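Chains as they are written, first to last, in the numbering used here: chain A, 43 to 326; chain B, 26 to 374.
These are calculated hints, taken from the structure and not from any lab test.
Since we're looking at a predicted model, the values are computed, not measured.
Check each hint, because a few of them may be wrong.
Some chain A residues judged to face chain B by a derived CB distance under 8 Å, without partners named [claimed, not checked]:
# : residue
1 : 102
2 : 142
3 : 271
Here are the simulated DSS-like cross-link-like pairs (lysine-lysine), alpha carbons at most 25 Å apart as the crow flies [as the list claims (entries may be wrong)]:
# : chain 1 : residue 1 : chain 2 : residue 2
4 : B       : 228       : A       : 107
5 : A       : 107       : B       : 229
6 : B       : 127       : B       : 323
Ranges of calculated distance between the beta carbons of each label pair, as one might list FRET restraints [what the hints assert, rightly or not]:
#  : chain 1 : residue 1 : chain 2 : residue 2 : range
7  : B       : 179       : A       : 56        : 56 to 64 Å
8  : A       : 59        : B       : 213       : 47 to 55 Å
9  : A       : 214       : B       : 265       : 47 to 55 Å
10 : A       : 72        : B       : 330       : 42 to 50 Å
11 : A       : 169       : B       : 265       : 17 to 25 Å
12 : B       : 307       : A       : 178       : 40 to 48 Å
13 : B       : 354       : A       : 125       : 52 to 60 Å
14 : A       : 98        : B       : 354       : 23 to 31 Å
15 : A       : 59        : B       : 136       : 53 to 61 Å
16 : B       : 274       : A       : 100       : 32 to 40 Å
17 : B       : 165       : A       : 178       : 48 to 56 Å
18 : A       : 85        : B       : 81        : 23 to 31 Å
19 : B       : 226       : A       : 106       : 17 to 25 Å
20 : B       : 97        : A       : 310       : 44 to 52 Å
We treat Cβ as the ideally placed atom computed from N, Cα and C, and that holds for glycine.
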Amino acid sequence: MQDRKPVYLMAPALGWLTVFMVIPCLLILALAFFRRGIYGGIEYSFTLENLALVFDPLYAGIFLKSAWIAGLSAAIAVIVGYAAAYAIAAAPARRQPMLLFFAVLPFWSNYLVRTYAWIVLLNREGLITGVARLLGYDAEMPRLLYSEGAVVIGLVYNYLPFVILACYAPLSRLNPEIAEASRDLGASGWKTFRRVILPMTVPGIATGFVFVFVLSIGNFVTPALLGGGQFQMIGNLVYAQFLTANDWPFGAALSMILIGIMMGLLTLQTFATERASGARREES
Amino acid sequence: MADRLMTTRALATVAIMAIGGAVQAKNLVVSNWDGYMAPDAIESYTAATGNGAELVLHATNEEIMGKLIASKGKGYDVVFVSSPFAEVLNNLGLAETLDHAKLPNIANLYPEAGALKHDPGNSFSVPYAWGTTGLCYRSDKIAETPDSWMDLLAPAADVTGKTTMLATDRWLLGAGFLAKGYSVNETDEAKVAEVRDLLIDAKKTLLAYDDTTFYAKLVSGEAVLVHAWDGWCNYGIAENGDIRYVIPKEGSDLWVDTMVIMKSSENKDAAYAFVNFILDPKNHGWAAENILYKVPNKPAMEGLSADFLDSFPNMKISPQELIGYEQLRDVGEAQRLYSRTVSEIKAAQ
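Just need the whole structure built from these sequences, with the hints factored in.
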């Protein structure tokens, strides 16, 4: 507040976001209120039909399904990622950069390649089946690929590094003396974790959860590849409206609701983080 | 139809095209799917005619249609689109009415190619490739040779869980329409609902919906019976001699990819020269030999070797047979019903 210079430093980023994000989003928003032309163009007459259609049980159901899959993936990613971040933060300081490096290593390869790798592993003639056969398992393998489970695996795998990084930040900043104090005062290890460490790292957990949820709910590649297209997530529906059905206004209406959900969640997450850090400030 | 040409082949083409496109004087703009003509087609055209040209790529019909509708065709001279979309371009007044005098090589086309329902007499579109949609299967891994759409939609026990279907609206519904004996352009709501229910039942027996890698699933043995375009089944046949293609007894659709000259083109003579260049049997034949699609060019098809035709028997489907199948047509407003129906099928448990 006292120093106004940082505002100028933010100008390029704000300008970039305005031109390439805010304006396109507003255009999408506007599109949602027009009609689809008979040949797929846009007819510029006002309608609320597209927005109403989003709440049709068919499409609302697809929203719920997507939210369920995104929520499940985010919850699993948080549990697995938090544990990993905890282990990294507890490792000797000189080894931590190397461990973090391994955690983000998958990002060096393309998202599609990583997703295809799961197809290679999970398909009926894939590596996992091959290994099971080698070990003497002869019966028909249960279906691993092209299922909801495969989609959740793919999403968790792809977004796990975000959670690790988000949780590592607050964990590494924890003053070890606080945990020691808790132990000295008689709390067990579990109690120390639950009552002291966990509450102080809630912002990291919230950030990680929201990241995975937001990235998952709009994802369309993973459900198409690992789900075998057998169920639709909202991202697939939006994709179809723009690229096959040529119904841009309905696609825009779906996107608008999706953006609304994401913004709502990000706002909640900001509040949670604020509250947690506010609480800490009061304590100190 | 060619939306989903093989990515591997495509990537190589992108690289070559990016370099090729950058160095030439650009006056003619051609939009095509990736890898759908010879990688050196533009250079050869320039060498043959002296006209500079640039290739731009579109991934789907819908993508190029979006651009053409928005710009009223400006910025493009020749576009490759599937026939229902060529029809729309004509309805919107964006397609050039063709002067056959400027296309001497159009004489190479089979007479059947001039009798297509979407454009009899080729007044606004020139067919580039055509084919059928049917069943592609592993003859060594399937007890009963399939001959009906119901073999896919209500599979035998040994095939259940080992089938895939095309996910794109028109072809997914097409399998159901044909199985029921309806038109592939059926828009009656009750009939569409009936097909939806049939396809929801079929979904329970599927391995996956797949538009792009179904032939690879056949090769690996993950799937044994798939819903496929004939040309794409050939990619599987190329890798495994036990793979066969059959048009079910209820029939197929006839898909046709076409070349359209834009009415707004400012390089019309060059555009005609380009279409005429492609109709040269040597250039048109490239697609048959390399993409394994049938082309409606008589001398080009006659130039294929007997060995090649024996390796890919569906290349021998005659123009007379092809023209007997119903073409996919633009269905206008009913597209919305189709999209919704496909969403219902995909959302069903």
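Verification of the supplied hints:
1. 102: Check failed: Cβ of residue 102 of chain A comes no nearer than 11 Å to chain B, outside 8 Å.
2. 142: Residue 142 of chain A check fails; min Cβ-Cβ to chain B is 33 Å, beyond 8 Å.
3. 271: Result: holds, 4 Å to nearest chain B Cβ.
4. B:228 with A:107: Status holds; Cα separation ~18 Å.
5. A:107 with B:229: 18 Å, holds
6. B:127 with B:323: 19 Å, holds
7. B:179 with A:56: 56 to 64 Å: Since residue 179 of chain B and residue 56 of chain A have Cβ atoms about 59 Å apart, the given range 56 to 64 Å holds.
8. A:59 with B:213: 47 to 55 Å: 49 Å, holds
9. A:214 with B:265: 47 to 55 Å: 53 Å Cβ-Cβ, so the 47 to 55 Å window holds.
10. A:72 with B:330: 42 to 50 Å: 57 Å, violated
11. A:169 with B:265: 17 to 25 Å: 21 Å, holds
12. B:307 with A:178: 40 to 48 Å: Violated, at about 57 Å.
13. B:354 with A:125: 52 to 60 Å: 57 Å, holds
14. A:98 with B:354: 23 to 31 Å: 28 Å, holds
15. A:59 with B:136: 53 to 61 Å: Roughly 59 Å apart at Cβ, these two residues keep to the hinted range, so it holds.
16. B:274 with A:100: 32 to 40 Å: 34 Å, holds
17. B:165 with A:178: 48 to 56 Å: Distance hint for residue 165 of chain B, residue 178 of chain A is violated at roughly 26 Å.
18. A:85 with B:81: 23 to 31 Å: About 27 Å separates the Cβ atoms of residue 85 of chain A and residue 81 of chain B, which means 23 to 31 Å holds.
19. B:226 with A:106: 17 to 25 Å: 24 Å, holds
20. B:97 with A:310: 44 to 52 Å: 45 Å, holds
Hints 1, 2, 10, 12 and 17, counting from the list given before, are not met by this structure.
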